[in-house]
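*Asks:* Dock chain S against the given chain D, drawing on the hints supplied.
First to last, the protein sequences are chains D and S.
This note's numbering applies: residue 1165 is where the first sequence begins, and numbers increase by one.
This note's numbering applies: residue 1165 is where the second sequence begins, and numbers increase by one.
Hints are computed from structural coordinates only; laboratory data are not their basis.
Please note that a few of the clues may not be correct.
Because identical chains cannot be distinguished in the list, a pair is counted as satisfied if it fits within a single copy or across any two copies.
[Said to hold, decoys possible] Below, in silico cross-link-like pairs of lysine-lysine (DSS-like), each with a Cα-Cα straight-line distance of 25 Å or less:
1. Lys1278 with Lys1428
2. Lys1364 with Lys1332
3. Lys1354 with Lys1187
4. Lys1308 with Lys1350
5. Lys1185 with Lys1428
6. Lys1364 with Lys1187
7. Lys1253 with Lys1334
8. Lys1357 with Lys1249
9. Lys1271 with Lys1188
10. Lys1278 with Lys1188
11. Lys1271 with Lys1192
12. Lys1187 with Lys1350
13. Lys1332 with Lys1227
14. Lys1354 with Lys1249
15. Lys1188 with Lys1364
16. Lys1334 with Lys1188
There are 2 protein chains.
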Amino acid sequence: MKIGIIGIGTVGGGVLELLKKEKKNIEKRVGEKIEVSWICDLKESVNKDSSYRFTKDYEDILKDESVETIIELIGGNTVAFSIAKETLKNGKNLITANKYLLATKGKEIFGLAKENGVKIFFEAALSLAQSNGYAELDPTFDVKGIDTAHKISLLSYLVWDELVDFEKIKIEGIDKITKEQVEVAKSLGKRFKLIGEAIKIENEIEIYVQPSLLDKEDQLYGVKDAYNGIESYGEHLGETFFYGKGAGALPTANAIISDLYKIKNSNAWNESVN
Amino acid sequence: MKIGIIGIGTVGGGVLELLKKEKKNIEKRVGEKIEVSWICDLKESVNKDSSYRFTKDYEDILKDESVETIIELIGGNTVAFSIAKETLKNGKNLITANKYLLATKGKEIFGLAKENGVKIFFEAALSLAQSNGYAELDPTFDVKGIDTAHKISLLSYLVWDELVDFEKIKIEGIDKITKEQVEVAKSLGKRFKLIGEAIKIENEIEIYVQPSLLDKEDQLYGVKDAYNGIESYGEHLGETFFYGKGAGALPTANAIISDLYKIKNSNAWNESVN
Chain D
1165 MKIGIIGIGT VGGGVLELLK KEKKNIEKRV GEKIEVSWIC DLKESVNKDS
1215 SYRFTKDYED ILKDESVETI IELIGGNTVA FSIAKETLKN GKNLITANKY
1265 LLATKGKEIF GLAKENGVKI FFEAALSLAQ SNGYAELDPT FDVKGIDTAH
1315 KISLLSYLVW DELVDFEKIK IEGIDKITKE QVEVAKSLGK RFKLIGEAIK
1365 IENEIEIYVQ PSLLDKEDQL YGVKDAYNGI ESYGEHLGET FFYGKGAGAL
1415 PTANAIISDL YKIKNSNAWN ESVN
Chain S
1165 MKIGIIGIGT VGGGVLELLK KEKKNIEKRV GEKIEVSWIC DLKESVNKDS
1215 SYRFTKDYED ILKDESVETI IELIGGNTVA FSIAKETLKN GKNLITANKY
1265 LLATKGKEIF GLAKENGVKI FFEAALSLAQ SNGYAELDPT FDVKGIDTAH
1315 KISLLSYLVW DELVDFEKIK IEGIDKITKE QVEVAKSLGK RFKLIGEAIK
1365 IENEIEIYVQ PSLLDKEDQL YGVKDAYNGI ESYGEHLGET FFYGKGAGAL
1415 PTANAIISDL YKIKNSNAWN ESVN
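Okay, chain D solo, but in the shape it has when bound (with noise of 0.2 Å):
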């Protein structure tokens, strides 16, 4: 399979990493070879040792026939925009780590996938990746709980198969808090975390994202850090729980090289990442 990466970045430098030190691994898993096509950045120092075919502008990559999947990493929802709807009418995969592009544009890529008859990942999606351009785009996402939000609606996506308006989506950030009432929390054994919540009551999705007070006995009370966890509740299945690294080069960049797998063993034209 020929890829191409968009946006070298911590993440991407990550994913060329991977992709030659577990060359043997990650290629028996796929089933096929994985050759690097291109990178583009708008820095070509991101090239060292110049091992890589290098173009500073997308559409030298969009053009080539024989790339079969792109990897966006740019971030925001406006250049990466673009880039994802040529890519999918150009009849290429889309994997990316940007969630908030989905989030707010999803229904148009999400459609534009389903029409052409290719394939979108997003596994990486739900990793705070600030890979170039995201992280300085707006860096109060995370205590606005924008950030939040933007995963929250993702995941609701994943179970329903059906993407709520990101307007629609209630938000209350963790900014609000004031060090009193942390302290308050604190005496009485608990701590307030930013929490993301999605429930689907006959037909409707709401979801809301607010700062909630949580006690020990909560699974999530002692997620801190570069860690998330989700918590879920199914009539069937009952009570799961899931707890992993949201955060970080290579994380972020194992979550895109496991989309590429996906990829080749899968024929859905999207598939959940559960």
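*Replies:* Structure of chain S alone, referenced to chain D:
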């Protein structure tokens, strides 16, 4: 997709219940109609209101060329082994909740699936099905660590695509822990848990099952009753933790239904549950 279900105990009943109750949702997810062509059991009374075509002889189902997928729920590794082999040789997909069968006879079964280009899924094989046959087979499996050994052996297979000979697994049950030891652990704020561990060093996979003394900080400390916990460490991914119900008719039936989805939406002969 026409399916046949062999073994209608608690779990088989749960599968029939979910297929009826959630028919529309399941068929939407799977992407086609699902028809239960046959059910098979030793007792005809399982066929309430004679809703399904019934047989006591599983050969009737295996001979039926229109049946695409067999759900094996009888447990054990003798008759179930014959059923599994014939299913795959007849070019049918196999879904099973029988971890005992796969952990002990997996090499031959996975080999046959590959050879015949069919799929085998076992998401429910990590749960305690308590299907008819199995639970009675040996009620000491649980405390002696055999059940845990089946689970960790299959998890390790999913991670490294290699099944360790079951005889090579070092197993120590929790039945040797005395009441006094439990009291001492408690006074230290710790708990004994039966832990299965799989580690790959160089090219060698080592699997152990033994009681371990855990403190409150450990993610696995709070896992009890019908729940299972899985902790994993990946070189690039870091720590992940997964927690969910590992017993009960509906959680197990739920996992079996999700295997139906995978049969239609993956093209790998054997895709992992992850």
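*Asks:* State for each hint whether it applies.
*Replies:* Against the structure, the hints:
| no. | hint | result |
| --- | --- | --- |
| 1 | Lys1278 with Lys1428 | both (17 Å within a copy, 17 Å between copies) |
| 2 | Lys1364 with Lys1332 | within (14 Å within a copy, 47 Å between copies) |
| 3 | Lys1354 with Lys1187 | neither (46 Å within a copy, 43 Å between copies) |
| 4 | Lys1308 with Lys1350 | within (22 Å within a copy, 42 Å between copies) |
| 5 | Lys1185 with Lys1428 | within (21 Å within a copy, 33 Å between copies) |
| 6 | Lys1364 with Lys1187 | between (42 Å within a copy, 18 Å between copies) |
| 7 | Lys1253 with Lys1334 | neither (33 Å within a copy, 54 Å between copies) |
| 8 | Lys1357 with Lys1249 | neither (36 Å within a copy, 51 Å between copies) |
| 9 | Lys1271 with Lys1188 | between (36 Å within a copy, 23 Å between copies) |
| 10 | Lys1278 with Lys1188 | between (32 Å within a copy, 21 Å between copies) |
| 11 | Lys1271 with Lys1192 | between (34 Å within a copy, 19 Å between copies) |
| 12 | Lys1187 with Lys1350 | neither (48 Å within a copy, 48 Å between copies) |
| 13 | Lys1332 with Lys1227 | neither (37 Å within a copy, 54 Å between copies) |
| 14 | Lys1354 with Lys1249 | neither (45 Å within a copy, 54 Å between copies) |
| 15 | Lys1188 with Lys1364 | between (43 Å within a copy, 17 Å between copies) |
| 16 | Lys1334 with Lys1188 | neither (46 Å within a copy, 30 Å between copies) |
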